[in-house]
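2 protein chains.
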Amino acid sequence: MRKISILGIGETKMGRLAERSLRDLIQEAGNKAIVDAGIEKKEIDALYVGNFNSSYLCGQGHMGSLASEALELGNIPTVRTEGACASGSLAFRMAVMGIQSGTYDIALVGGVEKMTHRNTATVTTAIASAMDYELEAMQGFTFPASFAMIAHRYFHEYRDVKREMGMCAYNAHQNALLNPDAQMHKDVTLEKILAADLIASPLSLFDCSLVTDGAAFVVLAAADAARGLRAKHRTIELAGSGHAGDTLALASKPVITSFAATKAAAAQAYFQANLKPQDIDFAEVHDCFTITQIINTEDLGFFEKGKGGDAVAEGITALKGKKPINPSGGLKAKGHPIGATGLSQIYEVVTQLRGDAAKRQLAKADIGLAHNLGGTAGTCVINIFRGQ
Amino acid sequence: MRKISILGIGETKMGRLAERSLRDLIQEAGNKAIVDAGIEKKEIDALYVGNFNSSYLCGQGHMGSLASEALELGNIPTVRTEGACASGSLAFRMAVMGIQSGTYDIALVGGVEKMTHRNTATVTTAIASAMDYELEAMQGFTFPASFAMIAHRYFHEYRDVKREMGMCAYNAHQNALLNPDAQMHKDVTLEKILAADLIASPLSLFDCSLVTDGAAFVVLAAADAARGLRAKHRTIELAGSGHAGDTLALASKPVITSFAATKAAAAQAYFQANLKPQDIDFAEVHDCFTITQIINTEDLGFFEKGKGGDAVAEGITALKGKKPINPSGGLKAKGHPIGATGLSQIYEVVTQLRGDAAKRQLAKADIGLAHNLGGTAGTCVINIFRGQ
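Protein chains in written order, with our numbering: chain A, 1 to 388; chain B, 1 to 388.
Treat the hints with care, since some could be wrong.
Computed spacing ranges between beta-carbons, pair by pair [stated by the list, open to error]: (1) Q139(B) to E19(A): 16 to 22 Å; (2) H156(B) to V35(A): 39 to 45 Å; (3) M138(B) to E40(A): 52 to 58 Å; (4) A267(B) to D187(A): 56 to 62 Å; (5) N119(B) to L135(A): 20 to 26 Å; (6) D356(B) to S252(A): 31 to 37 Å; (7) R159(A) to S252(B): 54 to 60 Å; (8) K364(A) to K3(B): 41 to 47 Å; (9) S252(B) to A18(A): 25 to 31 Å; (10) L194(B) to E40(A): 49 to 55 Å; (11) S252(B) to E40(A): 17 to 23 Å; (12) E40(A) to F271(B): 20 to 26 Å; (13) N31(A) to M1(B): 56 to 62 Å; (14) P254(A) to T120(B): 30 to 36 Å.
Note that these hints are calculated values from the structure, not bench results. Because the structure is a prediction, the values reported are computed rather than measured. In this text, a Cβ means the ideal position worked out from N, Cα and C, and glycines have one as well.
Produce the complete structure using the sequences and hints provided.
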């Protein structure tokens, strides 16, 4: 299979961007990635856009065409991909295959979401479309409730990790303080986190990720095609990737304290990269809720089943720990612009691998992993990157 | 590049299916396609689902996961693709690349839409999300209005083809009478068509396609992987395909009586297939409005620019003509279940190539083309199939 290189990255500041349109966000992040790649627009063969639910939130579907027009890319082929919160990584995955099929040499991949202009009820309805409508959303089920049930079951099968969940949030906020693109720049104490109001027991306010506007773009290319291009940065290679699915409804899953989609996608990615979990220097891991991060770090093989909380308590996942998780601040504190999240994770991994992460730069960053989950773990995409 | 074969096809009846859920429609069409292919579910490597706007119309996103659960496909990777009315063909296009990249051998591709349960205003809003929201939809612009402007301009640049547009609708209804899956089984006279109420001048009722519930699925495989499988039908090969885009907003296009996306995608598909427009025996052509069909048949190279209407008048595009267009009844009379439309076009092409089209079987059907357009021609996917 053709090797894939990451040529360029770009993202907007994440947050409540009331004055920015979808078009604005796309133009800023897309043009940054193109400039960063040092390519001309005419060299781009195809555009892939991850977007979760602007059809509902903004009245805007057909996002591939919108983004192509906004970035003045002419008649290149475009597509929007959607798989709930994994929509952005799916765009990346499709682009990789477009290049590996030999159809394209250079692809632009972006993700965008605009959510904060709608009221809470509308946003909740929009997000709930990532569940099973008939069996879940229509009955009043929401994602905090779903992951609260998962957390309760985890407490029952293993142990109560409410304090360690709080430490996940604490680490996220500390890391976000060092990330200028992060939505939250709040020096929150662990005490305040643990004392926060309950949202859906046992999840409290700081266990939940954010509602965010933002966009992130990546330029990728066949390594053979990229060689002719001016090397502006350390070369970043896609070492391995995986993509797996699972049932949509929570009730359809025989086990809910481990995500089959994460495990299957991880197995593919490690096999393709010829790497083991212990070879990964750091990771951006999907933390829609703090319990999700703990479970995913176990399913990724970083920690033993039931021991993800211990690893957090021991400081292993902190910025200066042995296996830093979410140096960007994660969905919890950098923000969760749903369709852009997967690309923003890749943005952080590439930034770290390049050594460009400034105050949050990790001591060792040669191999990084991006893990993106959709819905109640119905979709998972994992990519492992290596600096050359 | 790996050659692609079509192993199986399945679709539901199209229409107002009030008693059917998205899950029902997926199960019926998906299982039909799998049975038709003569494969086991465990042989399916990946699932691609085209859906336009169930997020808005049904509160249901994350359609890849829903479809995988409904069809009991386990942990295979899934993705939803969207590009307005071309969403289904985009799923097919992504699946082709997934196989050509060497990642998968056999893929299931489906499209689904459920629209008739919502009122006209809601459906109009949902469909308008395929336009530019800021510049068009928010200002009250709708698709009938958009294609009415295109028709007026076509009348100005070439000639008034209002009567020939009516003949497109007449042919569509005649063909649909012979298609048991078609939404409309109405023997409408040309006189009645031409006398119908105006919707947006010069488009009248019969110039507009339908609001439809339905699903269509296709099983495709690498030809090398398919060889080991039991051959139930004539082998159908993907001879060539193309995918191109264009600006989203009508006002951004320098020319509106010819679709740049259709022309670019057609050039790719003909080149890949090493075929010319005159080699195509018949085609399913995107006819969201009758004028769209006329323009597309010109852009596909079937007829000279400005002469598409003449071809209709001369009977060339009728079922027994020299270049039959939309033997299925098209979007106009078979129906337009948006996300399923591209796959339903492929369903018809394969059915004709197999010689299984019963009363609407074409005299010559060795090479067929499926043409699917999204929005105001912002996205176009074309596939050419050949019976072996």
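Are R159(A) and S252(B) spaced within 54 to 60 Å by their CB atoms?
This hint holds: roughly 58 Å between Cβ atoms.
For the hint 20 to 26 Å, verify it against the beta carbon of E40(A) and that of F271(B).
holds (24 Å)
Taking the beta carbons of P254(A) and T120(B), is their distance inside 30 to 36 Å?
Given about 43 Å between the Cβ atoms, the range is violated.
Quick one: are L194(B) and E40(A) within 49 to 55 Å, going by C-beta?
holds (51 Å)
Assessment of proposed distance window 41 to 47 Å (beta carbons of K364(A), K3(B)):
Check passed, 45 Å falls within 41 to 47 Å.
Is the gap between the beta carbons of Q139(B) and E19(A) within 16 to 22 Å?
holds (20 Å)
May I ask you to test the hint 31 to 37 Å on the CB atoms belonging to D356(B) and S252(A)?
Roughly 36 Å apart at Cβ, these two residues keep to the hinted range, so it holds.
Take a look at whether the Cβ-Cβ distance between N119(B) and L135(A) falls inside 20 to 26 Å.
Holds - the Cβ-Cβ distance for N119(B) and L135(A), about 25 Å, lies within 20 to 26 Å.
Cβ distance range 52 to 58 Å for M138(B) and E40(A), holds or violated
violated (33 Å)
Quick one: are A267(B) and D187(A) within 56 to 62 Å, going by C-beta?
Given about 58 Å between the Cβ atoms, the range holds.
Quick check: does the Cβ-Cβ distance between N31(A) and M1(B) fall within 56 to 62 Å?
violated (32 Å)
Range agreement (Cβ of E40(A) with Cβ of S252(B), hint 17 to 23 Å):
Hint holds: Cβ distance 21 Å, inside 17 to 23 Å.
In the structure shown, a violation is registered for the earlier hints numbered 3, 13 and 14, in ascending order.
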